[in-house]
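There are 2 protein chains.
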Amino acid sequence: GRGCRAPSPAGWEQARCSASTRLTWSICTPRVINAEKSEFNEDQAACCQISIRRREPGLEEDEEWLILCSTQFLTGYYWALFDGHGGPEAAIIASNYLHYCIKQKLEEVVGGITETRPPMHLSGRCVCDSDPQFVEEKHIQAEDLVVGVLENAFQECDEVIGQEMEATNQTGGCTALAALYFQGKLYVANAGDSRAILVLKDDVVPMTCEFTPETERQRIQHLAFLFPKLLDGEFTRFEFPRRLKGDDVGQKVLYRDYFMEGWGYKTVEKADLKYPLVHGHGKQARLLGTLAVSRGLGDHQLKVIDTNIEVKPFLSCIPKVNVFDFAQHDIKEDDVLVMATDGLWDVLCNKEVAHVVRSFLAENRTDPHRFSELAKCLVCRARGKKRGHQWMLDDSCEASYDDISVFVIPLHKRDED
Amino acid sequence: GRGCRAPSPAGWEQARCSASTRLTWSICTPRVINAEKSEFNEDQAACCQISIRRREPGLEEDEEWLILCSTQFLTGYYWALFDGHGGPEAAIIASNYLHYCIKQKLEEVVGGITETRPPMHLSGRCVCDSDPQFVEEKHIQAEDLVVGVLENAFQECDEVIGQEMEATNQTGGCTALAALYFQGKLYVANAGDSRAILVLKDDVVPMTCEFTPETERQRIQHLAFLFPKLLDGEFTRFEFPRRLKGDDVGQKVLYRDYFMEGWGYKTVEKADLKYPLVHGHGKQARLLGTLAVSRGLGDHQLKVIDTNIEVKPFLSCIPKVNVFDFAQHDIKEDDVLVMATDGLWDVLCNKEVAHVVRSFLAENRTDPHRFSELAKCLVCRARGKKRGHQWMLDDSCEASYDDISVFVIPLHKRDED
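Keeping their order, the protein sequence lines are chains A and B.
Going by the UniProt record's numbering, the first sequence opens with residue 1, and the numbers climb by one from there.
Going by the UniProt record's numbering, the second sequence opens with residue 1, and the numbers climb by one from there.
No wet-lab data here; the hints were simulated from the structure.
Please note that a few of the clues may not be correct.
Put simply, identical chains are the same to the list, so a pair is met inside one copy or across any two.
Unchecked claim - Taking lysine-lysine and the DSBU-like style, the derived pairs with C-alpha atoms no more than 30 Å apart in a straight line are:
| no. | residue 1 | residue 2 |
| --- | --- | --- |
| 1 | K385 | K283 |
| 2 | K138 | K283 |
| 3 | K270 | K103 |
| 4 | K266 | K185 |
| 5 | K320 | K138 |
Go ahead and model the full structure; you've got the sequences and the hints to work with.
Here it is in structure tokens:
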């Protein structure tokens, strides 16, 4: 996000990362660094250890004192990036609150993960002997509970942001990318256009996909089809290859409706001249002419400029969660998770990032801060060099003018404290 | 589908395939064969050559006489399977009409495919010199127009079925699987639980995915979340691992809502005891306790038994279209497309079918009817053998009691007339 507010000091900065010193993942020294091209920064970051109390099954809420007495803990590790827009407030609240939501929700389900007799069978075995036809094999695993935790935590965090922003009369929203290492698996939850990839010795594994007005066109158009009033007669839900003009009326034009992955022809009518609900391509794609992302937190008050049309109904706060099981992979010493906001990925593709990661780590074998130095190096590459008034990449392409935040998280020896 | 009506003769039968004798795809001798276990058969099939007249660009509808004078033709080849339920009528109408819809829609867009200056740019070049910022590169290709044709043709066919069934006071619906070979590419459009795979020399390529209440749970639950009245207070939109009972109230239970791929815990309330919108697993999964598929044609009048709850709002008639470009593959002599209704795939997996295909064709090199014999062979395998009152597979598993229809379509030398 580009910004107003929240000025940050010049030069490199370890951004809001309140819990990083508490991290016991020994060799993990992630850094979040901002390109500092603009005076202001809307990216926010968080990382911390999440301690989960093991609740006794069957305990009611009012028996919380028993929980507090519990001495058993499970530990998770958490990293997150939030790219704010329309001000940094939503990103700040999210960076302070999302890990708390995750911790709470994990404690609610941890019985189902650790107990031998969870509240309802995770094993698929028959639990209703008198009525076996009602019991089905759903293959539900502990992993599915953690995925559910992340989905519910994002939704709760979005609600809190809505209340907080309304109470303090603030506006804005943010994307959210969160990684959770828990019980030998890495969960990556993404709502927005940030990205996380695993750079392994012989492989690059994408852990997220981007949610933009373009990638979610059909969901957005379908909602407008179901609730036409959401467009208030100001937008058309059809997609066209370009904005139509008055003299196109009566001509045949390519179009797509909500149910189409392919294209068709229609004869242009006057209503087709309205601004399209989803318009533009790539980084220029916009929802209602307003937002460049289709998922994220906040934006509860956001309206299309000079109208009463709300954007929030078209936004989703639900992340897509991808899981990586370390038990099924032989993790090597220089294998890392790279998380970054769109400022990095706009100018460097996965392959280029993987190349930088591998060559940097090969050339810097002994530096105890090699992973945070690598994060800096990646930001440097995307930030480019100033030539006159322009920032340029090495290959003379224009550099990223967006905020750039990067985590590089080593995956080897991750359970050593 | 299992059936009432539409009795078919005993033994093997080349089913409704009105246009097969007109096929000029020389070595192509597809057969549709029914298992004949039950007295009645709801599967329907169609295959034909589709001749597309090339319309002059800019011609209006009332200049149709000019089109009729046109002597230029493009040719497509079409195969389709329809698995009826609640009677064969919808499947019969679809088998008579879908290829006509496709032909009509193809003629509407064929200008965009063949003309050097199509109605609006397919090339992505700027067509609006006065306003270049409105022109975007969408990478729209001729292929995307054919995909759009199939999507729109399924929708139109569904409307026609609705009108026809209402006019004749009939009920029922059907799944639809259609393959179209056109301009060097194979398009496979699927709405339902039939399946098509390419069995190539060194590879098996799935060309469809199944649409069932289970695979489309989130879409279906989301609709119920947006329009709760569709459930009329009789169903719960939540998914549970098993049907809940009175004494579960107050207990913790695993559940999923529309936005969840993972699972969470909730405390069972009385409302959770209602029958679930999507219930059951695998072949037992049902939408509103009524239908085993979530996409298809027809079912406009279908209501949940003893209620006024309509099923149609939760159904989609839109196919997912997958494209296979022959130009990018070296097609070998025994490479085939296998299309079949769920009766086959319920008892044979892709790998088993591929094994039967390869060994049968290797052992039958010279038989001019080897492909239709192979289709018969596949049906035989899924149909099993009668032992007492049961039909059994070779490995003593129970055989398919459903109708079984199979097309085996050779892909080599496909353009020879």
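Going down the list of hints, with the structure as the test:
1. Taking identical chains as interchangeable, the C-alpha atoms of K385 and K283 lie at most 30 Å apart only when both belong to the same chain, with a minimum of 22 Å there against 60 Å between chains.
2. In this assembly of identical chains, the alpha carbons of K138 and K283 lie at most 30 Å apart only when taken from different copies (13 Å versus 40 Å within one copy).
3. Taking the shortest Cα distances, K270 and K103 sit within 30 Å of each other only across copies (29 Å), while inside one copy they are farther apart (53 Å).
4. In this homomeric assembly, K266 and K185 come within 30 Å of each other (Cα to Cα) only across copies, at 24 Å, whereas the closest approach inside a single copy is 49 Å.
5. Taking the shortest Cα distances, K320 and K138 sit within 30 Å of each other both inside one copy (20 Å) and across copies (26 Å).
In this structure, every one of the numbered hints holds.
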